[in-house]
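A.B. asks: Below are the chains, spelled out letter by letter.
2 protein chains.
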Amino acid sequence: MKKRIVIIGGGFAGINAAKILGNKKDIEVTLIDRKNYHLFQPLLYQVAMSALGEGDIAAPLRNMLANYRNITVFKGIAKHIDAENKVVRTDFGNIPYDYLILACGVKHHYFGNNQWEEHAPGLKTLAQAKEIRRRVLEAYEAAERASDPVERKKLLTFVIVGGGPTGVELAGSIGEMSRYTLSKLYRQIDPKLTRIFIVEAAPRILGSFDPDLASKATRSLEKLGVQVWTSSMVSDVDENGVQIGNERIEAATVLWAAGVTAIETGKETGAETDRIGRIIVEEDLSIPGYPDIFVGGDQANFAHGIQSPLPGLAPVALQQGRAIAKNIILDLKGKPRKPFRYTDKGQMATIGKNKAILQIGSIKFDGAPAWFAWLLVHIYYLASFKHRIFVLMQWGWSYFTFGFGARLIVNRDWRFYPEAVACNPDREKNQS
Amino acid sequence: MKKRIVIIGGGFAGINAAKILGNKKDIEVTLIDRKNYHLFQPLLYQVAMSALGEGDIAAPLRNMLANYRNITVFKGIAKHIDAENKVVRTDFGNIPYDYLILACGVKHHYFGNNQWEEHAPGLKTLAQAKEIRRRVLEAYEAAERASDPVERKKLLTFVIVGGGPTGVELAGSIGEMSRYTLSKLYRQIDPKLTRIFIVEAAPRILGSFDPDLASKATRSLEKLGVQVWTSSMVSDVDENGVQIGNERIEAATVLWAAGVTAIETGKETGAETDRIGRIIVEEDLSIPGYPDIFVGGDQANFAHGIQSPLPGLAPVALQQGRAIAKNIILDLKGKPRKPFRYTDKGQMATIGKNKAILQIGSIKFDGAPAWFAWLLVHIYYLASFKHRIFVLMQWGWSYFTFGFGARLIVNRDWRFYPEAVACNPDREKNQS
Chain A
255 MKKRIVIIGG GFAGINAAKI LGNKKDIEVT LIDRKNYHLF QPLLYQVAMS ALGEGDIAAP
315 LRNMLANYRN ITVFKGIAKH IDAENKVVRT DFGNIPYDYL ILACGVKHHY FGNNQWEEHA
375 PGLKTLAQAK EIRRRVLEAY EAAERASDPV ERKKLLTFVI VGGGPTGVEL AGSIGEMSRY
435 TLSKLYRQID PKLTRIFIVE AAPRILGSFD PDLASKATRS LEKLGVQVWT SSMVSDVDEN
495 GVQIGNERIE AATVLWAAGV TAIETGKETG AETDRIGRII VEEDLSIPGY PDIFVGGDQA
555 NFAHGIQSPL PGLAPVALQQ GRAIAKNIIL DLKGKPRKPF RYTDKGQMAT IGKNKAILQI
615 GSIKFDGAPA WFAWLLVHIY YLASFKHRIF VLMQWGWSYF TFGFGARLIV NRDWRFYPEA
675 VACNPDREKN QS
Chain B
255 MKKRIVIIGG GFAGINAAKI LGNKKDIEVT LIDRKNYHLF QPLLYQVAMS ALGEGDIAAP
315 LRNMLANYRN ITVFKGIAKH IDAENKVVRT DFGNIPYDYL ILACGVKHHY FGNNQWEEHA
375 PGLKTLAQAK EIRRRVLEAY EAAERASDPV ERKKLLTFVI VGGGPTGVEL AGSIGEMSRY
435 TLSKLYRQID PKLTRIFIVE AAPRILGSFD PDLASKATRS LEKLGVQVWT SSMVSDVDEN
495 GVQIGNERIE AATVLWAAGV TAIETGKETG AETDRIGRII VEEDLSIPGY PDIFVGGDQA
555 NFAHGIQSPL PGLAPVALQQ GRAIAKNIIL DLKGKPRKPF RYTDKGQMAT IGKNKAILQI
615 GSIKFDGAPA WFAWLLVHIY YLASFKHRIF VLMQWGWSYF TFGFGARLIV NRDWRFYPEA
675 VACNPDREKN QS
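For the record, the sequence lines run as chains A and B. In this text, residue positions in the first sequence follow this note's numbering: the first is 255, and each later residue adds one. In this text, residue positions in the second sequence follow this note's numbering: the first is 255, and each later residue adds one.
Keep in mind that a hint or two might mislead.
As the list claims (entries may be wrong) - Stretch-level coverage of chain B by chain A, calculated; a stretch enters the list once three of its residues show a Cβ under 8 Å from a Cβ in chain A:
id : stretch
1  : 361-368
2  : 506-515
Said to hold, decoys possible - FRET-style restraints, in silico, Cβ to Cβ:
id : chain 1 : residue 1 : chain 2 : residue 2 : range
3  : B       : Gly543    : A       : Tyr671    : 30 to 38 Å
4  : B       : Ser638    : A       : Ala320    : 28 to 36 Å
5  : B       : Pro542    : A       : Tyr671    : 27 to 35 Å
6  : A       : Ala320    : B       : Tyr634    : 50 to 58 Å
What the hints assert, rightly or not - Covered by chain B, per the in silico footprint, the following chain A stretches (three or more residues, Cβ under 8 Å):
id : stretch
7  : 358-372
8  : 384-396
9  : 435-448
10 : 478-492
By construction, these hints were calculated from the structure, which means they are not laboratory data. Built from N, CA and C at the ideal position, the CB exists for glycine as well.
Start from the sequences and build out the full structure, keeping to the hints where you can.
C.D. replies: Take a look at the structure:
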């Protein structure tokens, strides 16, 4: 009788668990994800900044798992985990399991102000990356058309809320884009007048990095025209900008790179969660009281090592996915499970061309060597050889030309006759 | 005093007129388009069928015209042509002109049934290509999840309305995808059971081609599993399929490749138009009574040569754009204008790998030679060297692997908290 393993989530944790379990005898695997693709999230900001296309950083889950005959992939939503009866209730039927792996990740958190999302999209999915891309490019187009200088200033102002790696990467990209790439393309505006703000609540940006490196990154950002505001907590966001206590910035485009919260799938088991909703797991990555349910990746709170809890990084998710799969295999062989031990791969953040910071344990470096290391690591971990070639070529092209390849504004509304649809908040003024 | 030339539309006609007028002394050019990019429409079906990404076939207009200092590009809508006062009223201000070039193209026509658009998207823009891609891929995902065989059959049924080159290319792609590319990726369904219909009202498909070639194309389609229904006019389209007189096909996905109608910009001049709204032009491509207003591309009806009127093909638009620009330059030099003469570049349609048809005058061929010629021509006319390299690589990869590169389903709704937006018809069940 084959053992049935259900994996919810096809990100770094889920896909790497699946690959270990793939083609193992006596195991049937079902992987469920709301999306049909695996996303290389570390490079998502490049899609948002028009440097890469969506196909460059995402691969259909079916393709990645096609050669594992014992793995079935469904695009769908897991609505409820019935831990008593060991059944996952989805929007397309009930899936029984012997072992369950939760790897659903996180979404953005607006600190109780979900209405801010409309004005300040986050960056966790391809759809969001394209929405951000659209807003940034539309701002420049509108500025080119504008006649009022105050309106123009607002259009050429970008606020990034959150000074972690994602916020720094977004701000650095807009800095590079405005100071270099766009400079010759407009006739009415000077893109170099773009104002870019990083608004960070903590006393410094890049809090997870060594203070020296964070300080170097701040200087690199300033050289690209980014203004870094620390000890600045956003108190309100609307369509005209952000309020920071008594201070205010008028901006047409606000991007959210602060605060995440875990996806809620699995909460119904009653498992204990931390302040941001992550499920607290045992040393073997299972839920206390539920040895047949594991949690890996950003959705898990693993606090049994030097770093407690482990941060929400791609290498953590990847290693946890593999460890969970191996523990299940050990279980099936009647052997004891192994406690998870994270092999620290360090962390990196990039600001712009030749400007990055890298830290592994006590090793720290910045500048061009860090940037090339960043490139190599990201190329290496891309989903397939084809992705590596294409991304390498895109980057090669951009490196020598400072060109951003995929700077297209694609309308959200594809309809030519939108009046035939009753209500349509995405209706663009510019229908095409 | 510089002469002001306004071009509305950045497609083949508009962009090629702009390039001729670019950097000419004493000329200021303003190009307005609702989109910020030039689209290589002949390959749009490949984006719809996940074979290419959007960045492969589109280039930002600013980049294409960056080196022409006398050209200003605005992303916007021309709302009204005031021919009396020689002013274009746009959604961002009034633009006066000495010469006006209308090159707005066409949109799909539903024969008075605009409510069909929701169930049967057309293929004229990137947004539509991605909507089609989404629907096709979602159909396969839903079929994989389905338990009811009748529901499954409907999900694995695709109807393409219209048997011209676009319809044939879409149908052939789905045929190839289902019989080859997808075959190993699903566990619950056999993609080779996909039913694909071309529904054409005329007695044969590809009416603009020689009957022999059209017949060969029909056989090629059948070999890919496509069922060709001719003398079949669609009488109704709803969310469950199409009605063809007394016959009915239940299909989850219907695509519209029949009927186009010209964009209405310029109609207010009172110019005479044909049955599908195209403005009838003089031999020099100007509007009768308005020698300073020209029309080129799909929006024009030019009926002064062997083919009357000229068909809506890319080479026609390209040549007309250039001819208009040259006639304006002749005008400014006080010389007589030249009548437009189309140099017939023939026409082509592709069905699948190694299957295409090509016809120039009396020269006709099909099969692999036609297919390679098709590839070369399309590569040649792509917007830039970079596009050519990337598309060549994508095709090279697919040729040897039958892989379709960009098979990603990206949700239309990017929001995680959609309840914060009052009404949202694009809300997906699967939020991600």
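A.B. asks: State for each hint whether it applies.
C.D. replies: To see whether the hints hold, each was checked on the structure:
{"no.": "1", "hint": "361-368", "in the structure": "holds (count 4)"}
{"no.": "2", "hint": "506-515", "in the structure": "violated (count 0)"}
{"no.": "3", "hint": "Gly543/B / Tyr671/A: 30 to 38 Å", "in the structure": "holds, 31 Å"}
{"no.": "4", "hint": "Ser638/B / Ala320/A: 28 to 36 Å", "in the structure": "holds, 34 Å"}
{"no.": "5", "hint": "Pro542/B / Tyr671/A: 27 to 35 Å", "in the structure": "holds, 30 Å"}
{"no.": "6", "hint": "Ala320/A / Tyr634/B: 50 to 58 Å", "in the structure": "violated, 35 Å"}
{"no.": "7", "hint": "358-372", "in the structure": "holds (count 7)"}
{"no.": "8", "hint": "384-396", "in the structure": "holds (count 5)"}
{"no.": "9", "hint": "435-448", "in the structure": "holds (count 5)"}
{"no.": "10", "hint": "478-492", "in the structure": "violated (count 0)"}
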